[in-house]
Amino acid sequence: AQKVTQAQTEISVVEKEDVTLDCVYETRDTTYYLFWYKQPPSGELVFLIRRNSFDEQNEISGRYSWNFQKSTSSFNFTITASQVVDSAVYFCALSENSGGYQKVTFGTGTKLQVIP
Amino acid sequence: SQTIHQWPATLVQPVGSPLSLECTVEGTSNPNLYWYRQAAGRGLQLLFYSVGIGQISSEVPQNLSASRPQDRQFILSSKKLLLSDSGFYLCAWSEGSLRNEQYFGPGTRLTVT
Chain A
5 AQKVTQAQTE ISVVEKEDVT LDCVYETRDT TYYLFWYKQP PSGELVFLIR RNSFDEQNEI
65 SGRYSWNFQK STSSFNFTIT ASQVVDSAVY FCALSENSGG YQKVTFGTGT KLQVIP
Chain B
1406 SQTIHQWPAT LVQPVGSPLS LECTVEGTSN PNLYWYRQAA GRGLQLLFYS VGIGQISSEV
1466 PQNLSASRPQ DRQFILSSKK LLLSDSGFYL CAWSEGSLRN EQYFGPGTRL TVT
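Protein sequence lines, in the order shown, are assigned to chains A and B. Take 5 as the starting number for the first sequence in our numbering and just add one per residue. Take 1406 as the starting number for the second sequence in our numbering and just add one per residue.
One chain only, chain B, in its complex shape (with noise of 0.2 Å):
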């Protein structure tokens, strides 16, 4: 059966340090990944999205990158976070296309101070 694991599950952060958060998925090959970020516990915005190596769309301009070094790897990064960027971030996956469900990691809880 598939996994997905993300971490770290909680991050307190200052202002202006970098991020990495990473997500692997086990038990399937090359599936799509997605990063999304949910604000204030409620709507779940995506951020990026894979659909193999090397290959990474954003979907909003943000202070965020992501990269996919790995094909079950999928990492989050910052070079300076903002306070905005607090939040809970997800990563998904998903066989194939957005057509198919996805399945979601635990989480990461970041706060940034």
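Chain A with its partners taken away, still in its complex shape (with noise of 0.2 Å):
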């Protein structure tokens, strides 16, 4: 059965700081699909990133970045110079066929807080 794990419950940085978000999954697949949404205090998941696991290439958007191991099962998510903004619910996702539909599981959330 797939699972995603995100150990980190909360986590609190003052603002400059960079702050990496964890995430390790489960799955029997060999192709699946792996996802990081925010949410934000207003409450909607706003959608960050997708990775298929055939593409092992990291990622960089601005401020953000991923690493992407499969070796480790792991996903990870980089907030560099971290911003007020920034502070919200982050949630790591995990897509894969199962019995012949795509299942999709979320992880826990971390919540990030972001101190002036």
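Misleading hints may appear alongside valid ones.
To be verified - If you only want the chain A side, here are some residues facing chain B, beta carbon under 8 Å, derived:
no., residue
1, 48
2, 66
3, 110
Hints in this document: simulated from the structure, not taken from any laboratory. For glycine and all other residues, C-beta sits at the position ideal for the given N, C-alpha and C.
Dock chain one against chain two, each of which comes alone in its own frame, and use the hints as you go.
Set out below in structure tokens:
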């Protein structure tokens, strides 16, 4: 069965510090998809990135970067020079084929607080 | 561009009362639609998903039901609410299957009293 673990429940950093949010997943499939979503205090989840299991290239988007390592089943998310607007709950998610249809599992989320 | 709407934004209902939450998507055709519940402001639980009109799959047994009367309309219902139904309900859509990213609505905060 698929599983997503975000071991960090809450993280607090001071503005301008770098912070890494960890995501470890379990799956028996060779083809799967990984996602990160941001949930600001307003509540609406915002899609950040999608990765498929065949693409291990790391990605950078502005202050955000993602490190996908199949060898350790991890898909970590780093925010460089954090800002107060980065304060939110961040979810990692895994999608794989299960019984003939795609099934998605979300982690329990990591609450990030950036202190000014 | 695509947009997703949910209403109402907040709702306070007594135990035993019925429920109807509505979600509509604009700017896309034949989307996959999903209902999630988020209890205590944290983890997301997939409740229902739909790949087409009248096609609903339930992920967990519960006091809720879902319907998709039109291509871009998804409704979450209950005949009699329980205290445990309180939570934050999110509707989402994706193009095609769950291998694609989902786009979420603003959510409905339901309090059952």
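Okay, the hints, checked on the actual structure:
no. : hint : in the structure
1   : 48   : holds, 5 Å
2   : 66   : violated, 18 Å
3   : 110  : holds, 4 Å
In summary, the structure is inconsistent with hint 2 from the numbered list given earlier, while agreeing with all the others.
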